[in-house]
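Using the sequences and the hints, build the whole thing.
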Amino acid sequence: MESVGYHILGGIVTILVAFTVGLTYMGLSRKITARVQNRKGPPFYQNFIDALKLASKESAIHHGFMQHVGPAFLMVTSIMSVLVIPVLNNGNWFPNLNFHGDLIFLLYIMVFGPLGMALGAGQTGNPNSAIGITRGLSQMVGFEIPWVMALVALMMQYQTTSLVDLLEIQQIHGWLMFSSPFAFLAAVMAMLGMFRYSPFDIVSAPSELASGPASENGGKYLFTMMSSGSIFAFAKLVLYVDLFMGGAGNLIELLVKTFVIYLIPMLYGIVSPRYRTEQAIRYFWGWPLFFGFLALIHALAF
Amino acid sequence: MINDKNSQKIADFIKNWARKHSIWVLGYGTGCGAIEIPPTMTSRYDAERLGVRGAATPRQADVLLITGYLTTKTLKRVIRVYEQMQDPKYVIGFGSCTINGGMYYDSYNTIKVLDKYLPVDVYINGCMPRPEAVLAGFAKLQQLIAEGKATGAQKYKENHEYYRGNLRKIIGNKYEMPLYNW
Chain A
1 MESVGYHILG
11 GIVTILVAFT
21 VGLTYMGLSR
31 KITARVQNRK
41 GPPFYQNFID
51 ALKLASKESA
61 IHHGFMQHVG
71 PAFLMVTSIM
81 SVLVIPVLNN
91 GNWFPNLNFH
101 GDLIFLLYIM
111 VFGPLGMALG
121 AGQTGNPNSA
131 IGITRGLSQM
141 VGFEIPWVMA
151 LVALMMQYQT
161 TSLVDLLEIQ
171 QIHGWLMFSS
181 PFAFLAAVMA
191 MLGMFRYSPF
201 DIVSAPSELA
211 SGPASENGGK
221 YLFTMMSSGS
231 IFAFAKLVLY
241 VDLFMGGAGN
251 LIELLVKTFV
261 IYLIPMLYGI
271 VSPRYRTEQA
281 IRYFWGWPLF
291 FGFLALIHAL
301 AF
Chain B
303 MINDKNSQKI
313 ADFIKNWARK
323 HSIWVLGYGT
333 GCGAIEIPPT
343 MTSRYDAERL
353 GVRGAATPRQ
363 ADVLLITGYL
373 TTKTLKRVIR
383 VYEQMQDPKY
393 VIGFGSCTIN
403 GGMYYDSYNT
413 IKVLDKYLPV
423 DVYINGCMPR
433 PEAVLAGFAK
443 LQQLIAEGKA
453 TGAQKYKENH
463 EYYRGNLRKI
473 IGNKYEMPLY
483 NW
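Chain order of the listed sequences is A and B. Quick note on numbering: the first sequence equals residues 1 to 302 in this note's numbering. Quick note on numbering: the second sequence equals residues 303 to 484 in this note's numbering.
Check each hint, because a few of them may be wrong.
[What the hints assert, rightly or not] Straight-line C-alpha distance at most 27 Å; calculated DSSO-like pairs for lysine-lysine:
no.	chain 1	residue 1	chain 2	residue 2
1	B	K457	B	K442
2	B	K307	A	K220
3	B	K322	B	K471
4	B	K307	B	K322
5	B	K418	B	K375
6	A	K40	B	K317
7	B	K317	A	K31
8	B	K375	B	K322
9	A	K220	B	K375
10	A	K220	B	K322
11	B	K442	B	K311
12	A	K31	B	K322
13	A	K220	B	K459
14	A	K220	B	K317
15	A	K31	B	K442
16	B	K311	B	K457
17	B	K457	B	K414
18	A	K220	B	K451
19	B	K311	A	K220
20	B	K307	B	K457
21	A	K220	A	K31
22	B	K317	B	K307
23	B	K311	B	K451
24	B	K414	B	K375
25	B	K307	A	K40
26	B	K459	B	K418
27	B	K317	B	K459
28	A	K40	B	K311
These are computed hints drawn from the structure, not numbers from a lab.
Shown next as structure tokens:
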């Protein structure tokens with residue numbers, strides 16, 4: 001069972017499932033947004049049509065080497081993070097490459113893709129891209145701090161840096177959502193920024209910045225970014241389920257739990273207008289940071 | 303098998319189906335007709351259910367929607383925007399002004415017939431066309447894409463000198479936009 005071929009096949013299955021689920025969730029979010037705005041909305045598979053069209057478009061754009069490599073950085077990051085995060089508890093169908101210390105690895109790898117994309121977008125020379133990068137990195141400084149504090153609190157409280165260990169602890173003691181509530185609150189509030197939905201869509205604000213870092217990327221580049229975004233969304237959702245909701249025993253349970261988590265940034269986004277950059281950072285350094293400190297104190301005290 | 307005519311036909315059918323149901327529109331809204339686009343996109347008429355969506359930049363757009371008249375000053379910019387778009391690309395002329403000048407038929411600084419400068423795939427008639435007419439125009443474009451008849455971009459490449467010559471007649475030899483310097 002533990003052969004190399006089994007792991008490679010399992011990795012491909014994981015990536016395909018992540019791609020499908022991520023794109024479907026994005027399509028459902030477009031549908032739900034439309035229903036909230038009293039519209040009929042596109043069909044839930046609209047994003048698959050968009051992806052197919054983008055992949056079949058020609059791309060005759062050249063600004064330099066990094067511009068071509070930028071979207072690939074995003075894709076590499078998404079695939080690496082989805083391969084490290086355990087998808088199911090028993091992991092028969094989704095063998096993955098998790099190891100002791102994968103939480104720390106995830107902390108690093110999750111900011112690697114945006115940095116690569118920033119290099120790529122910087123080379124296009126489009127002023128909108130430059131402003132988008134500045135905003136994106138500022139926002140990342142905002143939400144990374146409560147997110148790291150939440151994870152460090154978990155690591156301190158349970159004396160482990162392994163996701164699999166945390167899953168085993170939850171099978172004995174119940175969900176971490178209840179046993180370390182402040183870390184959960186800080187992490188969920190940081191997630192609002194991580195998903196970049198409104199009010200935190202300051203990076204790719206289409207009406208303001210002409211879609212920011214992506215503004216010189218069309219066709220196949222945009223397809224790469226879109227598919228990597230959907231895989232990364234799935235990876236993040238599964239990470240939250242693994243950390244705080246006890247993982248999932250089968251695929252249906254996983255879909256239900258991830259969709260519940262996904263509803264939080266989506267529904268918060270539908271009813272919120274866009275923040276300015278400094279407002280977004282002030283938001284993250286307010287209550288999320290407070291809950292992060294409480295989580296650290298809680299971890300030290302118990 | 304890859305270069306077989308029938309398999310190419312099937313691939314074209316699938317691609318055209320995707321292009322038909324996913325139209326990203328770049329609105330060049332300097333004319334007054336741009337005021338009809340928001341009601342087309344929002345709750346009342348909801349163009350998104352047909353897959354019609356706004357695009358932010360020319361690189362991501364499929365359709366260049368020219369709403370109303372173009373002055374000789376903006377013409378150069380529109381042509382630059384059109385050339386920045388990626389194949390396959392389409393142009394929709396919106397309103398009477400793009401067909402024969404409309405109410406600006408004797409104006410000294412607007413162009414009268416858009417088709418001399420850009421290959422228009424679909425015209426939407428009216429001054430101004432209502433959102434129903436805009437949706438009908440998109441439906442016509444979808445039909446043309448599905449049949450493979452929306453070949454404006456190809457026509458532009460083949461007759462590039464004709465289109466550029468018409469532009470020179472208007473603005474002289476002052477086509478001095480900076481080349482890409484980034």
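Hints, one by one, checked against the model:
Our distance criterion of 27 Å between C-alpha atoms is met by B/K457 and B/K442, whose separation comes to about 19 Å. With a C-alpha separation of about 25 Å, the suggested pair B/K307 and A/K220 falls inside the 27 Å cut-off, and the hint holds. Of the pairs offered as hints, the one joining B/K322 and B/K471 is violated, with about 36 Å between alpha carbons and a cut-off of 27 Å exceeded. The straight-line distance between the Cα atoms of B/K307 and B/K322 is roughly 22 Å, inside the 27 Å bound, and the hint therefore holds.
Between B/K418 and B/K375, the direct Cα distance comes to roughly 16 Å. Compliance with the 27 Å bound is thereby established for this hinted pair. With a C-alpha separation of about 25 Å, the suggested pair A/K40 and B/K317 falls inside the 27 Å cut-off, and the hint holds. Restraint check for B/K317 and A/K31: satisfied, since their Cα atoms lie roughly 24 Å apart, inside the 27 Å limit. About 33 Å separates the Cα atoms of B/K375 and B/K322, which puts this hinted pair outside 27 Å; it is violated.
Between A/K220 and B/K375 the CA atoms are separated by roughly 33 Å; this puts the pair beyond 27 Å, and the hint is violated. A threshold of 27 Å between alpha carbons decides the hint, and for A/K220 with B/K322 the separation of about 18 Å falls inside it, so the pair holds. Using a Cα cut-off of 27 Å, the hinted pair B/K442 and B/K311 holds, with the two alpha carbons roughly 22 Å apart. In summary, the hint linking A/K31 to B/K322 is supported, as the alpha carbons are separated by about 19 Å, within the 27 Å threshold.
The suggested pairing of A/K220 with B/K459 holds, with an alpha-carbon distance near 22 Å, which does not exceed 27 Å. For the proposed pair A/K220 and B/K317, the alpha carbon gap of about 14 Å is at most 27 Å, so the pair holds. Restraint check for A/K31 and B/K442: satisfied, since their Cα atoms lie roughly 25 Å apart, inside the 27 Å limit. Distance check on the hinted pair: B/K311 and B/K457 sit about 21 Å apart at the alpha-carbon level, within 27 Å; holds.
A distance of roughly 20 Å separates the Cα atoms of B/K457 and B/K414; the hinted pair therefore holds under the 27 Å criterion. For the given pair, A/K220 sits about 24 Å from B/K451 by alpha-carbon distance, which is consistent with the 27 Å threshold. Restraint check for B/K311 and A/K220: satisfied, since their Cα atoms lie roughly 22 Å apart, inside the 27 Å limit. Between B/K307 and B/K457 the alpha-carbon distance is near 23 Å, which keeps this suggested pair within the 27 Å criterion.
Of the pairs offered as hints, the one joining A/K220 and A/K31 holds, with about 25 Å between alpha carbons and a cut-off of 27 Å not exceeded. For the suggested pair B/K317 and B/K307, the alpha carbons sit about 15 Å apart, so the restraint of at most 27 Å is met. At roughly 14 Å between alpha-carbon atoms, B/K311 and B/K451 fall within 27 Å of each other, so this suggested pair holds. For the proposed pair B/K414 and B/K375, the alpha carbon gap of about 14 Å is at most 27 Å, so the pair holds.
Taken as a hint, the B/K307 and A/K40 pair is broken in the structure, with Cα atoms around 39 Å apart against an allowance of 27 Å. Pair hint B/K459 plus B/K418 holds up; C-alpha atoms about 14 Å apart against a cutoff of 27 Å. Distance restraint check for B/K317 and B/K459: the Cα-Cα separation of roughly 21 Å lies within the 27 Å cut-off, and the hinted pair is therefore satisfied. Of the pairs offered as hints, the one joining A/K40 and B/K311 is violated, with about 33 Å between alpha carbons and a cut-off of 27 Å exceeded.
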